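Mapping to my numbering: the sequence shown position 93 is 318, numbers consecutive.
It cannot be assumed that every hint is accurate.
Using 25 Å as the maximum straight-line C-alpha spacing, the simulated PhoX-like pairs for lysine-lysine come out as follows [to be verified]: (1) 353 / 315; (2) 315 / 275; (3) 353 / 319; (4) 338 / 232; (5) 232 / 275; (6) 315 / 232; (7) 275 / 338.
Here are the in silico distance ranges between beta carbons for each label pair [said to hold, decoys possible]: (8) 356 / 240: 28 to 34 Å; (9) 257 / 320: 31 to 37 Å; (10) 305 / 284: 28 to 34 Å; (11) 245 / 356: 18 to 24 Å; (12) 244 / 359: 28 to 34 Å; (13) 226 / 267: 31 to 37 Å; (14) 226 / 265: 33 to 39 Å; (15) 251 / 343: 17 to 23 Å; (16) 267 / 305: 32 to 38 Å; (17) 240 / 279: 19 to 25 Å.
The set of hints was computed from the structure by calculation and includes no laboratory data. All values derive from a computational prediction rather than experimental measurement. Idealized CB from N, CA, C, for every residue including glycine.
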Amino acid sequence: MSAHDNKLLMQRIFDGLARGDARPFLDALDETTVWTLGGTNAWSGAYVGKTAIRRDLLTPLFAQFADPYLNVADTIIAEGDTVVVECRGKVTTKAGQRYDNHYCWVCRVAGDKIVSLTEYMDTELVAKALAAPERVTG
Numbered sequence: 226m227s228a229h230d231n232k233l234l235m236q237r238i239f240d241g242l243a244r245g246d247a248r249p250f251l252d253a254l255d256e257t258t259v260w261t262l263g264g265t266n267a268w269s270g271a272y273v274g275k276t277a278i279r280r281d282l283l284t285p286l287f288a289q290f291a292d293p294y295l296n297v298a299d300t301i302i303a304e305g306d307t308v309v310v311e312c313r314g315k316v317t318t319k320a321g322q323r324y325d326n327h328y329c330w331v332c333r334v335a336g337d338k339i340v341s342l343t344e345y346m347d348t349e350l351v352a353k354a355l356a357a358p359e360r361v362t363g
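Go ahead and model the full structure; you've got the sequences and the hints to work with.
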């Protein structure tokens with residue numbers, strides 16, 4: 226896919242995320258995607274493979290949210306197989322905390338799939354607003 230096609234893919238993904246619909250994003254994850262969360266908090270690290278991403282990252286994360294999670298892209302820049310997205314998430318946790326974080330996603334796309342995603346965010350907000358995930362192995 227061209228850089229233009231990769232940018233359109235991310236725009237479609239974020240059109241869904243802005244409405245609370247994660248399906249376009251989940252559909253775009255490759256079975257071997259590596260999602261790396263920056264920082265040194267309990268959520269930081271690499272989640273390898275679509276199954277592990279759903280089980281170890283997304284399920285425990287979304288279980289903490291009281292409302293649908295919305296994520297709006299402010300900037301999408303594509304060059305070759307790399308797409309960089311500056312975005313803002315908004316949600317209230319079940320504990321009543323606002324979790325309105327700003328992110329920078331650096332994605333590598335192959336075909337119509339995201340094969341790697343490195344996410345940078347306000348890690349202090351993550352530590353304050355979210356309970357630590359239970360790590361599942363296997």
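Tested hints:
1. 353 / 315: Status holds; Cα separation ~15 Å.
2. 315 / 275: holds, 23 Å
3. 353 / 319: Between residue 353 and residue 319 the Cα gap is close to 14 Å, so the pair holds against 25 Å.
4. 338 / 232: holds, 12 Å
5. 232 / 275: Roughly 21 Å separates the two Cα atoms, so the pair holds.
6. 315 / 232: holds, 23 Å
7. 275 / 338: Judged against 25 Å, a Cα distance of about 11 Å means the pair holds.
8. 356 / 240: 28 to 34 Å: holds, 30 Å
9. 257 / 320: 31 to 37 Å: At 34 Å between Cβs, range holds.
10. 305 / 284: 28 to 34 Å: holds, 32 Å
11. 245 / 356: 18 to 24 Å: holds, 21 Å
12. 244 / 359: 28 to 34 Å: Holds, since residue 244 and residue 359 (Cβ atoms, about 29 Å apart) stay within the stated range.
13. 226 / 267: 31 to 37 Å: Because 35 Å falls inside the window, the suggested range holds.
14. 226 / 265: 33 to 39 Å: holds, 34 Å
15. 251 / 343: 17 to 23 Å: Given range 17 to 23 Å: holds, Cβ gap about 18 Å.
16. 267 / 305: 32 to 38 Å: holds, 34 Å
17. 240 / 279: 19 to 25 Å: Holds, at about 21 Å.
Checked against the numbered hints above, the structure violates none of them.
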